[in-house]
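Colleague: Letter by letter, the chains look like this.
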Amino acid sequence: MKVVVDMNKCQDHGQCVFAAPDVFHFDSEGRLAHLPEAAEASREEVEEAVDVCPLQAIRIED
Amino acid sequence: MSGTVVVAGASMAGLRAAEQLRAAGWHGPVVLVGDEPHMPYNRPPLSKEVLAGKASFASLAFRPRASVSDVRWRLGTRVVGADLDRRTVQLDSGEQLPYAGLVVATGMRPRRLPCPGPVQGRHTVRTLADARRLREALTRPGARVVVVGAGFIGCEVASTALALGADRVTVVDPQPLPMVGPLGALLAEALLDRHRRRGVQFALGTQVTAFQGDDRVSGVVLADGTALAADVVVESVGSLANTEWLEGNGLDLTNGVLTDEHLRAGGRPDVVAVGDVARFPNARYDGVARRVEHWSIPTDTAKHAARVLTAHLTGTGVPLGPFAPLPTFWSDQHDFRLQSFGAPVLGMDDVRVLDGDPAGDPEGDLLVGYHRGEHLVGVVALGGRRAVAAAARYRAELLEQPALAVPLEEHK
Ligand SMILES: Cc1cc2nc3c(=O)[nH]c(=O)nc-3n(C[C@H](O)[C@H](O)[C@H](O)COP(=O)(O)OP(=O)(O)OC[C@H]3O[C@@H](n4cnc5c(N)ncnc54)[C@H](O)[C@@H]3O)c2cc1C
Numbered sequence: 001m002k003v004v005v006d007m008n009k010c011q012d013h014g015q016c017v018f019a020a021p022d023v024f025h026f027d028s029e030g031r032l033a034h035l036p037e038a039a040e041a042s043r044e045e046v047e048e049a050v051d052v053c054p055l056q057a058i059r060i061e062d
Numbered sequence: 001m002s003g004t005v006v007v008a009g010a011s012m013a014g015l016r017a018a019e020q021l022r023a024a025g026w027h028g029p030v031v032l033v034g035d036e037p038h039m040p041y042n043r044p045p046l047s048k049e050v051l052a053g054k055a056s057f058a059s060l061a062f063r064p065r066a067s068v069s070d071v072r073w074r075l076g077t078r079v080v081g082a083d084l085d086r087r088t089v090q091l092d093s094g095e096q097l098p099y100a101g102l103v104v105a106t107g108m109r110p111r112r113l114p115c116p117g118p119v120q121g122r123h124t125v126r127t128l129a130d131a132r133r134l135r136e137a138l139t140r141p142g143a144r145v146v147v148v149g150a151g152f153i154g155c156e157v158a159s160t161a162l163a164l165g166a167d168r169v170t171v172v173d174p175q176p177l178p179m180v181g182p183l184g185a186l187l188a189e190a191l192l193d194r195h196r197r198r199g200v201q202f203a204l205g206t207q208v209t210a211f212q213g214d215d216r217v218s219g220v221v222l223a224d225g226t227a228l229a230a231d232v233v234v235e236s237v238g239s240l241a242n243t244e245w246l247e248g249n250g251l252d253l254t255n256g257v258l259t260d261e262h263l264r265a266g267g268r269p270d271v272v273a274v275g276d277v278a279r280f281p282n283a284r285y286d287g288v289a290r291r292v293e294h295w296s297i298p299t300d301t302a303k304h305a306a307r308v309l310t311a312h313l314t315g316t317g318v319p320l321g322p323f324a325p326l327p328t329f330w331s332d333q334h335d336f337r338l339q340s341f342g343a344p345v346l347g348m349d350d351v352r353v354l355d356g357d358p359a360g361d362p363e364g365d366l367l368v369g370y371h372r373g374e375h376l377v378g379v380v381a382l383g384g385r386r387a388v389a390a391a392a393r394y395r396a397e398l399l400e401q402p403a404l405a406v407p408l409e410e411h412k
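From first to last, the protein sequence lines stand for chains A and B.
1 is the number of the first residue of the first sequence in the UniProt record's numbering; add one for each residue after it.
1 is the number of the first residue of the second sequence in the UniProt record's numbering; add one for each residue after it.
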């Protein structure tokens, strides 16, 4: 499962980090970073991350 | 069990409810009825990026999950009544829609000021249409703007109006400080100072008693008799729940739809309420029923309510413990952000600075903790990205706190 984040939209709210900590994290500067390829087992978490992004910046591509 | 789930209200909470019904295993028909002509869209940018012209109206639309491609959308359609005993809702077309399950997701509408005077030139910000009209008014050169209400939408609109080149922006509020209810005095002081340093003016501890002008607003009159010239007035003085259509069914509709700990209304297993309109007890705190108008709530409530409703419809037991969300809100104003986790309002008697120095750099980051007894019940950050990240570090601690034993008075 491919996880795409539009970094032009991202405003570092971090809600995705809480929803799917295996896929999203903050780097040492407090900026969002993520794994572009996520295990199928994390699908529910990543779907939740998509829902809770205030900027609608996250997309799952199958 | 067969039958249809009707979702009344087709905005964020309605959409999330439909998606979560599918995720919970409800494969039967779902109909969403919404009175706006649009598919669900994101409201926070209406007072920020969209009003400022930095994001297009088109960019607001939510991307529904593929799982709801088969739900029926009845847009531009109002629900005007409901008979919960007979399990039908009535539409403005005269049609009666039978349901097996009903999701109440009709949200709020802005409260209006009951003051005398002209109506033209007075705005609210709740819908796409509202934001379009206000943007047009604010982009006329040299606009003098009065924002009534220093809550989060009022403060956001004031900062956006200034960025759009308004000549003068004044915020009026009966409270002595902006956003003092959700933030407490310590942070509200810092917020006031930051707004003033960027040029927003305030008339605090007073209220609007009348509007001046013949056919359109030219000014507002305050309680002490002073008048402020105004070309544009924005009323952000709270909201009213859209529940009139549910009257006559014996539900408690004072300030939203009162629900039990599983978001079910009136003791009925087939009616749930989600989003801004739901007044629910939060088992994380004192169990007192409150409405919460934060962006995170439509998603949180939808997930819980959809599981509960699906369990009922498919004849299985309630699958989970009581609803216990962690309230979360943010607000972007000028070049800074406010980020809140937990329930600061329950810890206003013991407010401690966790990081930063309110007496130091007036633009420095601040992180504030709200306590009840020995327990941290909320944190709020004011500042840039680092402050927000610092607040997020307390989130786990907030999640671990035990429930408050002593019920509090309802705060609203
Ligand atoms: C301008 C603005 C800025 C915001 N900014 C932030 C922010 O920065 N941070 C934050 O945490 N939260 C913010 N919020 C709050 C957040 O957007 C709301 O909590 C959320 O939108 C609530 O969604 P909802 O679906 O419950 O209600 P709503 O979005 O109000 O949806 C209810 C829908 O039901 C429709 N409806 C009503 N009555 C009927 C009827 N009888 N028949 C059919 N349809 C009906 C309405 O027209 C509407 O489309 C903001 C809200 C606004 C308005």
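Simulated from the structure, these hints should not be mistaken for lab results.
This one's a predicted model, so the numbers in the text were calculated from it and none came from an experiment.
Do not take every clue at face value.
[Unchecked claim] Listed below are the simulated EDC-like cross-link pairs for lysine to aspartate or glutamate, each with C-alpha atoms no more than 20 Å apart in a straight line:
#, chain 1, residue 1, chain 2, residue 2
1, B, K54, A, D12
2, A, K9, B, E49
3, A, K9, B, D335
[To be verified] Residues from chain A that keep clear of chain B, each with C-beta distances beyond 12 Å, as calculated:
#, residue
4, M7
5, D22
6, R31
7, L35
8, P36
9, A38
10, A39
11, E40
12, A41
13, S42
14, D51
[Unchecked claim] Facing chain A, according to a computed beta carbon distance under 7 Å, are these residues of chain B, among others:
#, residue
15, T299
16, A392
17, A396
Think of the CB as a built atom: it goes at the ideal place given N, C-alpha and C, for glycine as much as any other residue.
Colleague: All the hints need checking, so say for each whether the structure fits it.
Modeller: Here is how each hint holds up against the structure:
1. B:K54 <-> A:D12: Given that 20 Å is the threshold and the Cα spacing comes to 18 Å, the pair holds.
2. A:K9 <-> B:E49: 11 Å, holds
3. A:K9 <-> B:D335: 16 Å, holds
4. M7: At roughly 14 Å from the nearest Cβ of chain B, M7 of chain A sits farther out than 12 Å, so the non-interface label holds.
5. D22: 16 Å, holds
6. R31: The claim breaks: R31 of chain A does not keep its Cβ more than 12 Å from every Cβ of chain B (closest is about 8 Å).
7. L35: 19 Å, holds
8. P36: 19 Å, holds
9. A38: At about 16 Å from chain B, A38 of chain A clears the 12 Å cut-off, so the statement holds.
10. A39: With a cut-off of 12 Å, A39 of chain A remains clear of chain B, as the shortest Cβ separation is near 19 Å.
11. E40: Its Cβ never comes within 12 Å of chain B, the nearest being 16 Å, so this holds.
12. A41: Since the minimum Cβ distance to chain B is about 16 Å, A41 of chain A lies beyond 12 Å and the statement holds.
13. S42: Per Cβ check, S42 of chain A is outside 12 Å of chain B; nearest 15 Å; holds.
14. D51: Given that some Cβ of chain B is not farther than 12 Å from that of D51 of chain A, nearest at about 5 Å, it is violated.
15. T299: 5 Å, holds
16. A392: 5 Å, holds
17. A396: Constraint on A396 of chain B not satisfied, violated at 9 Å.
The structure fails hints 6, 14, 17 (numbered hints given earlier, in ascending order).
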